[in-house]
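J.: Chain order of the listed sequences is A and B.
full-length UniProt numbering puts the first residue of the first sequence at 1, with every later residue one more than the last.
full-length UniProt numbering puts the first residue of the second sequence at 1, with every later residue one more than the last.
Restricting the straight-line Cα-Cα distance to at most 30 Å, the calculated cross-link-like pairs of lysine-lysine (DSSO-like) are: (1) B:238 with A:306; (2) B:335 with B:231; (3) A:607 with A:741; (4) A:352 with B:593; (5) A:218 with A:228; (6) A:309 with B:593; (7) B:593 with A:306; (8) A:475 with A:306; (9) A:475 with A:619; (10) A:444 with A:160; (11) A:853 with A:758; (12) A:603 with A:741; (13) A:306 with B:231; (14) A:653 with A:744; (15) A:306 with A:352; (16) B:524 with B:476; (17) A:653 with A:582; (18) A:514 with A:498; (19) A:514 with A:502; (20) A:309 with B:238; (21) B:231 with A:309.
Over the 10 Å line for every Cβ pair with chain A, so calculated as not near, a few chain B residues: (22) 240; (23) 273; (24) 315; (25) 372; (26) 480; (27) 514; (28) 545; (29) 638.
Quick caveat, the hints were computed from the structure, so don't treat them as lab data.
None of the values given here were measured: they were computed from a predicted structure.
C-beta: ideal position from N, C-alpha, C; glycine also.
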Amino acid sequence: MFYRLLSIVGRQRASPGWQNWSSARNSASAAEARSMALPTQAQVVICGGGIMGTSVAYHLSKMGWKDIVLLEQGRLAAGSTRFCAGILSTARHLTIEQKMADYSNKLYHQLEQETGIQTGYTRTGSIFLAQTQDRLISLKRINSRLNVIGIPSEIISPKKVAELHHLLNVHDLVGAMHVPEDAVVSSADVALALASAASQNGVQIYDRTSVLHVMVKKGQVTGVETDKGQIECQYFVNCAGQWAYELGLSNEEPVSIPLHACEHFYLLTRPLETPLQSSTPTIVDADGRIYIRNWQGGILSGGFEKNPKPIFTEGKNQLEIQNLQEDWDHFEPLLSSLLRRMPELETLEIMKLVNCPETFTPDMRCIMGESPAVQGYFVLAGMNSAGLSFGGGAGKYLAEWMVHGYPSENVWELDLKRFGALQSSRTFLRHRVMEVMPLMYDLKVPRWDFQTGRQLRTSPLYDRLDAQGARWMEKHGFERPKYFVPPDKDLLALEQSKTFYKPDWFDIVESEVKCCKEAVCVIDMSSFTKFEITSTGDQALEVLQYLFSNDLDVPVGHIVHTGMLNEGGGYENDCSIARLNKRSFFMISPTDQQVHCWAWLKKHMPKDSNLLLEDVTWKYTALNLIGPRAVDVLSELSYAPMTPDHFPSLFCKEMSVGYANGIRVMSMTHTGEPGFMLYIPIEYALHVYNEVMSVGQKYGIRNAGYYALRSLRIEKFFAFWGQDINNLTTPLECGRESRVKLEKGMDFIGRDALLLQKQNGVCKRLTMFILDDHDTDLDLWPWWGEPIYRNGQYVGKTTSSAYSYSLERHVCLGFVHNFSEDTGEEQVVTADFINRGEYEIDIAGYRFQAKAKLYPVASLFTQKRRKDDMELSDLHGK
Amino acid sequence: MGFAPRLDGGAGSWGAPLLAPGRAVLGCGSASPAGRVGLVGFLVLSTPLSLLHSLPPSQPIHRAGARPRPSSAPASPPPPPLMSISALLSMGRCCCRCCCPRGLWMLSAPCCDDRRMCVCPGPRRIGIPVRSSSLPLFSDAMPAPTQLFFPLIRNCELSRIYGTACYCHHKHLCCSSPYVPQSRLRYTPHPAYATFCRPKENWWQYTQGRRYASTPQKFYLTPPQVNSILKANEYSFKVPEFDGKNVSSILGFDSNQLPANAPIEDRRSAATCLQTRGMLLGVFDGHAGCACSQAVSERLFYYIAVSLLPHETLLEIENAVESGRALLPILQWHKHPNDYFSKEASKLYFNSLRTYWQELIDLNTGESTDIDVKEALINAFKRLDNDISLEAQVGDPNSFLNYLVLRVAFSGATACVAHVDGVDLHVANTGDSRAMLGVQEEDGSWSAVTLSNDHNAQNERELERLKLEHPKSEAKSVVKQDRLLGLLMPFRAFGDVKFKWSIDLQKRVIESGPDQLNDNEYTKFIPPNYHTPPYLTAEPEVTYHRLRPQDKFLVLATDGLWETMHRQDVVRIVGEYLTGMHHQQPIAVGGYKVTLGQMHGLLTERRTKMSSVFEDQNAATHLIRHAVGNNEFGTVDHERLSKMLSLPEELARMYRDDITIIVVQFNSHVVGAYQNQE
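Extracted from the complex, chain A is given alone in its bound form:
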């Protein structure tokens, strides 16, 4: 096997890049003659012989798994991998992506040495150009984050750019970022090198073998049906690139892998008169939508145009990607951009315009992880044209995931389970990727929302709210109001309101926050994931006690904030559970937990017909009444006393509101303000909303949106799962000891880890920072991911931030670590360590002083109602 592979590799090396395809074809057909029988069983079957599949195979075999079969429908590295432009760039927007790219860089660097296969690895560095100040800010933000994870980079002047690359026209630049350790590499050769190394470690590789479908029994992968026979296996890894979507759907129990291909074009030229040196840095001119690298003395330049051409919507399962049509007219804007950037290239002779499909995902992040529906079915695909950069790291994380059960880094942002079946419509994908592909090089400003694929899931109140000026954001397909534009207010156009500074909705949100604090606001929070767990006996309580860290054996009607922990004590889910009755629980989780939480529960719940888990998200509309007057509104609507004496905090009761019966009223708000959540069966939603609004009028009720909620919860140090905390964060690390009942009388998942951590102390701690010298009007706003410095030392990054209208300061949440100065190892973080330090937050290179707090500002909690309010409300009487 290995011999055969090497023969392919050897031939391929004869001429570099994609050009040599004909020779590879010959060798492949030669190999075909010696067709080998497939093994009948294996531990792992990997589908896809591109860089992803080979990388997973490589890392799995490195980690000691040997019984691995890799199947490729055509020839190795013949898909997108073959066409890849070969640029390895670490400047990514997400930290996890930066880490994956950094690892890939290091891996590819030593790959040639390890395997003896030339990969064409050349450290060229890359330069990211900024034509506008906003672009420069964006680069500075990336720069400060790259530096703290140990990737050298710097912001340079246009003059320096000209020195680094003499062909560039730098007159319209305001600056640039230089990442000197970025590289170019031949991706096909990398894939072949990885395959050969894996093969040496025992991985069996079969090309010209297509996976027809994956066999599943009882929600568990049992084998793979190929065109050459069946293979029994425990694990299946879908690395089928742009065919991953279709392969996922081919199962009896479909696995939804939302990705879609677009045509991608790049240009190859003949060498310049004085050929470009191989060390010429790669240029990324995002404002011009192009990248340029040297290629055999000439250049290779492509880009991400504004009007992408999606393909294969109908699913055209062809063996390899045929050479698609070149479309010069389509490429024209990019060509103009290239010639503007490098005018001297006018005389350079064209060699070819390459058209290769690239896959994109609905949120521009790659997809990895285990399918929520089928155990043992893993996915690594949807690279958004950064497959080469991510290949190594992503393969490593996925291998760890398979071997250890979880990756060593938090990859929630890339987890397949962030999507549900709702993102798998072909129409949705086609429309969304047309927006995503241009976004690759669009300026990424805070709080942008996708414009396509919207209004999929809406609350019944959508039209009402929309008519009242709601501006919408989308989460997990659900439309949620951001804020409400008052009728007289004229907001800037969407394009103009994209800013890193104070946004134009600032005053609007301020008035909403103020209303929440002084009167009452209503927020439609229907998007929250809602599950109901019922049983005939005590099974529900038992299983929940095992799954959750807090004690759920509370009196009926009580609400418990708790977390669903993993073995390591990290949060798999953060939720609130109301005990509806002895045997039934109502569970509220973040919106994007719908798939993940369901999968986790299903995985850990015993198969017991007496235990019923139901997703009731769609059954209830949730209205959040926030503010001191919420109690008045509700009591007027229900003729029931709602004062804390009658309706204590964190209490849940089914009652009637207006004419509607069976409304679950909960005294909590997710913001720390007084108020209620109303879970309303959807047919009553409009009625209850109308009643609330009309009764609330005299209490000054108004609509509010999630931005107000965000400001309120962050200033009160409420961490949100998925943003601030994740599956590597334990309750102890975010100051939630009170929500963990280690001694509740029975074991629960993660208890041992927490016990250990309690003994040893935590190595990071969620901390609240209040920016001191930050001018809200003039300075750049924090967003998330800003490095935190303690006494000048990097200690962590922020996870979320908001402007607190009460404190009149920016508040950031973030984790503080204690890295050892010598070894960089994480050490125990104590309260003392946090309190005794001078902190600074780095926003795009500027450091702002910040005050660290481990506990929320007490004065912000106005749970107790003032006396005069009570009397006033009595005056309003019924």
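Using the hints, position chain B against chain A.
T.: Coordinates of chain B only, in the frame set by chain A:
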């Protein structure tokens, strides 16, 4: 709305109806806001028609009320020629294809049931008269056209202007050969019409009334406004690629229409046959109102579809009707929202159709013969016309319906229908609409293949036919002045029972008909020399064409298009448009030495070329834009387009006819595949 443009063409006083001697004032407008009797044009005082100067001396222009006057040679700046619509009107005659031989400047002829339709002395064919006659409308707002107009007018010989001015743009009715104005002028108006040919009210009323409207107005339309007018009726249909049944040789079609009449008298239809294969597309040009064209556009395709149906399917449908079961759908219509179906008559129409298929069932006793498309088309046309005629004779107890069927029968419509099934293209034509095939030659150039014959005086064979169908004694009267019985331009048409029924029948129907009918002079009028009816038939001439891969598209259009544009231009414009849309030949670098700079230049050029095309997403719209807005250089002139489109509806008819266009695009690959199969 009325207006009193003073036709001195200068920057003179627009506002007052100053009627200095030697000034021609055109009066056009409606008599009263409520009851417009149509356009009234009249000439006041003597007109110093400098342009009449070079008329052949023998021209009896006095009849027009215009006395020739020695023209002063244009000084610099040249005084704009004094020319007026009325001057033109005075020589031309109403030319709706429907009607009457009319007096010289009888214009408010309520001869048709549709009141405003007979007023069409508009000059056409060449740009200048249009320009010049639109001039007075905008004389204040637009000094530029004046300048433009003047040199142009000098370049053309006046006789030609005169000729075209007299030449009914519509070329259908009343006028004799357009280039022989004398003969027309010699023609005496029919006495019956003299009465309503004269302005019925004191013209002072008009001028007074017009004063209000005569404040200078800017009539320029912005490009978006122009676009919204042009695109108001556009419709595109793409045949779905994967409809499962069979691969269609039609990629899709674009259609559009631009009204000149108000309401528009043209109709269009497109439908897919559901029980048989193939697609039907048709344009219908109505005259004497839109009733007939509307009825034909709704009904004809059903008749065709039924004629094409095999015996078993007919039986099945009949059984379904009999037992009240759900009917098999026969047609899938592709309609613009503006293309309506009359709900009231649908029951009546259905019954007629049902009788037709019942007869078909009875005739065909089971032996399944291959249905000949040509025969089916002819039968359907004839049958529908017959039904229209019968329905009018029988009448309907419902007074509304009764009036409707009579209006349908007394108005007329031509039809040009294409049936496309695979590579088989049949065109059935009745009248003077035209089907034109766009063929792309190997060198990429475009040529036009006409797939229909116009049935009018320009067609020798039609003349021959008419003469043969009637006794020798009528040889001279049956076609007079290029018109059927001196009246009707198309020689074949639906409806128009005035040319089909015997005099007795006509009288009987009119007498028993509703009062509205009796009030209408036109219906009562019996054509002169009406001896051996019928003079008119709806029988179509069917052309068969087997599609080839080089046949890229088919243009079906009413004469409104063909009289403005040459067929070669039509095909070239559509061809270039369609290839521009798809940039049919993508650039490939295969093997050539091309530098980035060269490529860039090439691409930018292609893009600028394309952007002009991309203004229209619809080939028919693009064609209309050219038809209406083309200047003498063959490119679209926005100013001209804007003027043409901003004409008030009463006037539009003078400058152009309704234009209806369907552009059907063929799928060369599919057509080629068919060819290869054999």
